[in-house]
Amino acid sequence: DAGVIQSPRHEVTEMGQEVTLRCKPISGHNSLFWYRQTMMRGLELLIYFNNNVPIDDSGMPEDRFSAKMPNASFSTLKIQPSEPRDSAVYFCASNTARPKRFYEQYFGPGTRLTVT
Amino acid sequence: SQQGEEDPQALSIQEGENATMNCSYKTSINNLQWYRQNSGRGLVHLILIRSNEREKHSGRLRVTLDTSKKSSSLLITASRAADTASYFCATMDTGRRALTFGSGTRLQVQP
Chain P
1 DAGVIQSPRH EVTEMGQEVT LRCKPISGHN SLFWYRQTMM RGLELLIYFN NNVPIDDSGM
61 PEDRFSAKMP NASFSTLKIQ PSEPRDSAVY FCASNTARPK RFYEQYFGPG TRLTVT
Chain W
117 SQQGEEDPQA LSIQEGENAT MNCSYKTSIN NLQWYRQNSG RGLVHLILIR SNEREKHSGR
177 LRVTLDTSKK SSSLLITASR AADTASYFCA TMDTGRRALT FGSGTRLQVQ P
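Protein sequences, first through last, are from chains P and W.
For what it's worth, the working numbering labels the leading residue of the first sequence as 1, then goes sequentially.
For what it's worth, the working numbering labels the leading residue of the second sequence as 117, then goes sequentially.
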């Protein structure tokens, strides 16, 4: 099992540019979560999908942020245009509705985004 | 938004000592989980306790849950230098699948 895969691991971009973060969940998992971690706000849920459908996007900060899950093995988080306050580590996590393992989430290594 | 407040924010102990971290939350929960995060890495699930459980053990970990006080504690016994990390509690609200994380406790275990 390769675990949750995120790319890129590091991204440095200039304010105003579009940024796309990518996530491949663990094969067979049917839920995918995007989190953001900053020193000031800690770990925040941005959005989560169940069976490729967005269920709760109340954590998405504003319209500059969008997320898609076109199929069960791929999701993107896009920021357009990016701003310096978007600098953070973005984590993707996945899990599945399997007995005794229903609630545990498996996290990817994260993407460290720096917007200058 | 963060739900849990963790206490202490930072803890430094010697190898072999026990480490206790506390977490408080505000809502009605289905379960509470603890995760570890090594510096610059993703989070790793440690242990889950359901709302109808009061205590759970896993190796050197002991978790308690008091739903009347909306609080939980994580005890790591006989700590090792490799336990140095940040520890987060996370709650799953009733009827929701996403987690709400606490602010975390940074544990430093001195060899």
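Keep in mind that a hint or two might mislead.
[Claimed, not checked] Below are the SDA-like pairs computed for lysine to any residue, each with C-alpha atoms no more than 25 Å apart in a straight line:
(1) 24(P) <-> 135(W)
(2) 172(W) <-> 96(P)
(3) 142(W) <-> 67(P)
(4) 24(P) <-> 169(W)
(5) 78(P) <-> 214(W)
(6) 186(W) <-> 155(W)
(7) 24(P) <-> 213(W)
(8) 68(P) <-> 42(P)
(9) 24(P) <-> 66(P)
(10) 78(P) <-> 54(P)
(11) 186(W) <-> 41(P)
(12) 142(W) <-> 70(P)
(13) 142(W) <-> 55(P)
(14) 186(W) <-> 196(W)
(15) 185(W) <-> 44(P)
(16) 185(W) <-> 162(W)
(17) 24(P) <-> 160(W)
(18) 68(P) <-> 80(P)
(19) 142(W) <-> 156(W)
(20) 142(W) <-> 68(P)
(21) 142(W) <-> 66(P)
(22) 24(P) <-> 136(W)
(23) 172(W) <-> 214(W)
(24) 142(W) <-> 58(P)
(25) 24(P) <-> 7(P)
(26) 24(P) <-> 142(W)
(27) 185(W) <-> 156(W)
(28) 185(W) <-> 170(W)
(29) 186(W) <-> 104(P)
(30) 185(W) <-> 103(P)
(31) 186(W) <-> 7(P)
(32) 24(P) <-> 87(P)
(33) 186(W) <-> 169(W)
(34) 142(W) <-> 38(P)
(35) 78(P) <-> 114(P)
(36) 186(W) <-> 80(P)
If you are wondering where the hints come from, they were derived from the structure by calculation, not from laboratory data.
Taking the hints in turn, this is what the structure says about them:
With a CA separation close to 35 Å, the supplied pair residue 24(P) and residue 135(W) exceeds the 25 Å bound. Among the hinted pairs, residue 172(W) with residue 96(P) is consistent with the structure: their alpha-carbon atoms are about 23 Å apart, no more than 25 Å. With a C-alpha separation of about 29 Å, the suggested pair residue 142(W) and residue 67(P) falls outside the 25 Å cut-off, and the hint is violated. With a C-alpha separation of about 34 Å, the suggested pairing of residue 24(P) with residue 169(W) is violated against the 25 Å cut-off.
The hinted pair formed by residue 78(P) and residue 214(W) meets the criterion: a straight-line CA distance of about 20 Å does not exceed 25 Å. Among the hinted pairs, residue 186(W) with residue 155(W) is inconsistent with the structure: their alpha-carbon atoms are about 29 Å apart, more than 25 Å. Proximity of residue 24(P) to residue 213(W) is assessed by CA-CA distance (about 19 Å); at most 25 Å being required, the pair is judged to hold. Simply put, residue 68(P) and residue 42(P) have alpha-carbon atoms about 24 Å apart, close enough for the 25 Å limit, and the pair holds.
Pair hint residue 24(P) plus residue 66(P) holds up; C-alpha atoms about 17 Å apart against a cutoff of 25 Å. For the given pair, residue 78(P) sits about 15 Å from residue 54(P) by alpha-carbon distance, which is consistent with the 25 Å threshold. For the given pair, residue 186(W) sits about 22 Å from residue 41(P) by alpha-carbon distance, which is consistent with the 25 Å threshold. A threshold of 25 Å between alpha carbons decides the hint, and for residue 142(W) with residue 70(P) the separation of about 35 Å lies outside it, so the pair is violated.
Distance hint between residue 142(W) and residue 55(P) is fulfilled; the C-alpha atoms sit about 22 Å from each other, no more than 25 Å. About 29 Å separates the Cα atoms of residue 186(W) and residue 196(W), which puts this hinted pair outside 25 Å; it is violated. Proposed proximity of residue 185(W) and residue 44(P) is supported: the alpha carbons are some 24 Å apart, at most 25 Å. For the given pair, residue 185(W) sits about 22 Å from residue 162(W) by alpha-carbon distance, which is consistent with the 25 Å threshold.
Taking the CA atoms of residue 24(P) and residue 160(W), the gap is near 17 Å; set against the 25 Å cutoff, the hint holds. Straight-line distance between C-alpha atoms of residue 68(P) and residue 80(P) comes to about 14 Å, which keeps the hinted pair within the 25 Å bound. Pair hint residue 142(W) plus residue 156(W) does not hold up; C-alpha atoms about 29 Å apart against a cutoff of 25 Å. With a C-alpha separation of about 31 Å, the suggested pairing of residue 142(W) with residue 68(P) is violated against the 25 Å cut-off.
Between residue 142(W) and residue 66(P) the alpha-carbon distance is near 29 Å, which puts this suggested pair outside the 25 Å criterion. Using a Cα cut-off of 25 Å, the hinted pair residue 24(P) and residue 136(W) is violated, with the two alpha carbons roughly 35 Å apart. Proximity of residue 172(W) to residue 214(W) is assessed by CA-CA distance (about 22 Å); at most 25 Å being required, the pair is judged to hold. At most 25 Å may separate the alpha-carbon atoms for a hinted pair to count; residue 142(W) and residue 58(P) meet this at roughly 19 Å.
Under the criterion of a C-alpha separation no larger than 25 Å, the hint pairing residue 24(P) with residue 7(P) is consistent with the structure, at around 9 Å. Of the pairs offered as hints, the one joining residue 24(P) and residue 142(W) is violated, with about 33 Å between alpha carbons and a cut-off of 25 Å exceeded. Between the alpha carbons of residue 185(W) and residue 156(W) the distance comes to roughly 33 Å, so the proposed pair goes past 25 Å and is violated. Only pairs whose Cα atoms come within 25 Å are accepted, and residue 185(W) paired with residue 170(W) is accepted, the gap being roughly 12 Å.
For a cut-off of 25 Å, the pair hint linking residue 186(W) to residue 104(P) stands: about 21 Å separates their Cα positions. Of the supplied pair hints, the one linking residue 185(W) and residue 103(P) holds, its CA atoms being roughly 23 Å apart against a limit of 25 Å. A distance of roughly 37 Å separates the Cα atoms of residue 186(W) and residue 7(P); the hinted pair therefore is violated under the 25 Å criterion. A distance of roughly 22 Å separates the Cα atoms of residue 24(P) and residue 87(P); the hinted pair therefore holds under the 25 Å criterion.
Distance check on the hinted pair: residue 186(W) and residue 169(W) sit about 13 Å apart at the alpha-carbon level, within 25 Å; holds. For the hint pairing residue 142(W) with residue 38(P), the CA-to-CA distance comes to about 22 Å; that is within 25 Å, so the pair holds. For the hint pairing residue 78(P) with residue 114(P), the CA-to-CA distance comes to about 14 Å; that is within 25 Å, so the pair holds. Between the alpha carbons of residue 186(W) and residue 80(P) the distance comes to roughly 39 Å, so the proposed pair goes past 25 Å and is violated.
Hint check: violations occur at hints 1, 3, 4, 6, 12, 14, 19, 20, 21, 22, 26, 27, 31 and 36; the rest are consistent with the structure.
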